[in-house]
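Build the full structure now, drawing on both the sequences and the hints.
Take the sequence shown: its letter number 91 is residue 91 in my numbering, and every next letter is one higher.
Treat the hints as calculated values from the structure; they're not laboratory data. Any given hint could be a false lead.
[As the list claims (entries may be wrong)] Per label pair, the in silico range of CB-to-CB distance:
no.: 1; residue 1: Ala-19; residue 2: Gly-105; range: 30 to 36 Å
no.: 2; residue 1: Lys-115; residue 2: Gln-50; range: 29 to 35 Å
no.: 3; residue 1: Glu-34; residue 2: Arg-97; range: 49 to 55 Å
no.: 4; residue 1: Leu-4; residue 2: Asp-103; range: 31 to 37 Å
Since we're looking at a predicted model, the values are computed, not measured. Heads up, the beta-carbon is just placed ideally off N, CA and C, and yes, glycines get one too.
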Amino acid sequence: MSYLPNVTLASGWPRLVYAYRQVITGFAAWLSQEEVSIMKAMDGFLFAHQDDVLQPRTTYTYKFLGLKFDEGQGLWYNSDYGTGQIIGVVDSGLRPRHPAFDDEGIPPPDGNKWKGECYWGPPICNN
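Below, the structure written as structure tokens:
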């Protein structure tokens, strides 16, 4: 069964962007709101997520943070260029309850380094 009404857009471009088969089953496609509504009514439909195009602000973190990259001096140097820092990434395109995020057997973060907190609790927050 196909959820797509046709394989191309009116412009002639392919409607299907990508089909996922390894970790999750699904697809990315160009759809109108009406097409999504029709698809939601079909048997077997689970979830639709609208993708927003985001642009990276920078690939040079020290510039973005206003740090000077002076070799041998300054905050960036004194912090060992961020070595050992914990970076949280928000990925809104995946479901946290997916088995790929199961942290069984993974120890909790080092309490001497991790000073954050989880607002949502398991299974949203894992190790």
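Original post:
Holds or violated: 49 to 55 Å for the Cβ distance of Glu-34 and Arg-97?
Top reply: This hint is violated: roughly 29 Å between Cβ atoms.
Original post:
Range hint 30 to 36 Å: satisfied by the CB atoms of Ala-19 and Gly-105?
Top reply: holds (31 Å)
Subject >> Beta-carbon spacing of Lys-115 to Gln-50 - inside the hinted bounds 29 to 35 Å or not >> reply: Given about 34 Å between the Cβ atoms, the range holds.
Original post:
Regarding Leu-4 and Asp-103, is the given constraint of 31 to 37 Å on their beta-carbon distance met?
Top reply: Cβ of Leu-4 to Cβ of Asp-103: about 36 Å, so the range 31 to 37 Å holds.
Checked against the numbered hints listed earlier, the structure breaks hint 3 alone; every other hint is satisfied.
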